[in-house]
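Residue numbers (this note's numbering), protein chains in the order written: chain F, 1401 to 1636; chain R, 1401 to 1636.
Since the hints were derived computationally from the structure, they do not count as laboratory data.
Only a predicted model underlies this, so the values are computations on that prediction, with no experimental measurement involved.
A couple of the hints might just be wrong.
Identical chains blur together in the list; that is why a pair holds if it fits in one copy or across any two.
Claimed, not checked - Each computed EDC-like pair below joins lysine to aspartate or glutamate, with the alpha-carbon atoms no more than 20 Å apart:
hint	residue 1	residue 2
1	1465	1476
2	1465	1609
3	1414	1476
4	1444	1569
5	1432	1502
6	1414	1461
7	1444	1502
8	1444	1495
9	1413	1425
10	1432	1524
2 protein chains.
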Amino acid sequence: MAVHLMRELDNLKKVSLTLAAMVEDNLRLAMKAVVERDEPLARKVIEADIEIDRQEVEVEEECLKILALYQPVAHDLRFIVAMLKINHDLERIGDLAVNIGERAVALAQRPSPTRDFHIQRLAEIAQTMVSRSLDALINQDAKLAREVWLSDNEVNQLNRDLLNEVEEEIERDPSQLHALLALTLISRTLERIADHATNISKGVIYMIDGDIVRHRSKFFRKKFAAEQAQGSGEPS
Amino acid sequence: MAVHLMRELDNLKKVSLTLAAMVEDNLRLAMKAVVERDEPLARKVIEADIEIDRQEVEVEEECLKILALYQPVAHDLRFIVAMLKINHDLERIGDLAVNIGERAVALAQRPSPTRDFHIQRLAEIAQTMVSRSLDALINQDAKLAREVWLSDNEVNQLNRDLLNEVEEEIERDPSQLHALLALTLISRTLERIADHATNISKGVIYMIDGDIVRHRSKFFRKKFAAEQAQGSGEPS
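Chain F extracted, bound-state conformation (with noise of 0.2 Å):
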């Protein structure tokens, strides 16, 4: 039993590594359409989305699987549902990029804004955290997934700064709302994108540890405990 399920948990890992890598790439290619203005490229990001919806439920059914044929408890237990969970924030942030894709489109038919404002380093935090997230996953490491959280504070306040400055620039000439509008909306979703990079690295974390959620759920664990010791939580 034990060497059938290893095989099947590294695939699991490798059907979910493929998906991520399907992700980040059409994530990096929607913000070069928003760099480069090409509105072929935000086209192709949009029609990705489909293989990688279909990557998301081959990950999902494997996990299934693996539920149905091992029944795994404890560790591996705690792993097929934080790659279920990972496999849910993967899928998110595939939409939005398909969203920055339909942006690019948009951007791209009108006149460019005079600036980007610092859009650019707001999306390479943003798909570093999606990467390093990974990266926490692959190599099971709690501590740069912390890091990883650590960052979205970053990203947080550079989304703030940009709607105020956007703000301003719109002020100081309103002929380039449209394409400002549009940035604004770009930068709020790069900062949702690392919200789903911060919830993987959370689902590491719990992966590796389980510390944060026992530490939110005292309550539950007491309880689970006098169900247990009453007999009413065992399989009869």
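Model the placement of chain R on the given structure of chain F, informed by the hints.
Okay, now just chain R, sitting in the frame of chain F:
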């Protein structure tokens, strides 16, 4: 075993519905804070998220407990995996309600825009989608879940219309810029909430008949069947 498992699944539904009710309430209060420019209420919404996060953990631990103790298969397993995903969506809706609360604070601190466009209509549809997706979950109603999914188009259209109208309004009267930008961000957030309600509905449909997922993964099912035929996919 069956009776105990049934009782646990009922309990899982109960804790999940408690979470759903908390999220629905907080979203409703967040929109009330927006409409009535009520800063203290907005701050309450932001604080209430701690309890929502705690309840999310309780649902997840209930899922883990059932998986570990009862090792459910087939429909029960799919039900629990769907609950895990729905749990994640509910928690995200909770976070988005906090974002709306933050915008409500910003709105309350500045002069109001002369009108709110159709943000309340958008909020009503998004809230209805959330509550109907949960009704579909409780009553295992795939038809209702499909209706929720369809409503998502209306929300997307309303969000697009609002963005366009707000742009025109800013051009007409740039002094309202700050408040109107807050409105566009709320509109976008409501659109994302509707996306999560759509996800929940997809989860319900998958839970009931698995159609969509099966449809999307013929390749994988064939591969799985072939593995089973070779014996490599069997527990040993």
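Evaluation of the provided hints:
1. 1465 x 1476: both (14 Å within a copy, 13 Å between copies)
2. 1465 x 1609: Close across copies (17 Å), not inside one copy (25 Å); limit 20 Å.
3. 1414 x 1476: within (16 Å within a copy, 27 Å between copies)
4. 1444 x 1569: For residue 1444 and residue 1569, neither the intra-copy (31 Å) nor the inter-copy (33 Å) Cα distance is at most 20 Å.
5. 1432 x 1502: within (13 Å within a copy, 31 Å between copies)
6. 1414 x 1461: Within one copy only: 13 Å inside a chain, 26 Å across chains, cut-off 20 Å.
7. 1444 x 1502: within (11 Å within a copy, 35 Å between copies)
8. 1444 x 1495: within (13 Å within a copy, 31 Å between copies)
9. 1413 x 1425: within (18 Å within a copy, 38 Å between copies)
10. 1432 x 1524: Only inside one copy: residue 1432 and residue 1524 sit 11 Å apart there, 36 Å across copies, limit 20 Å.
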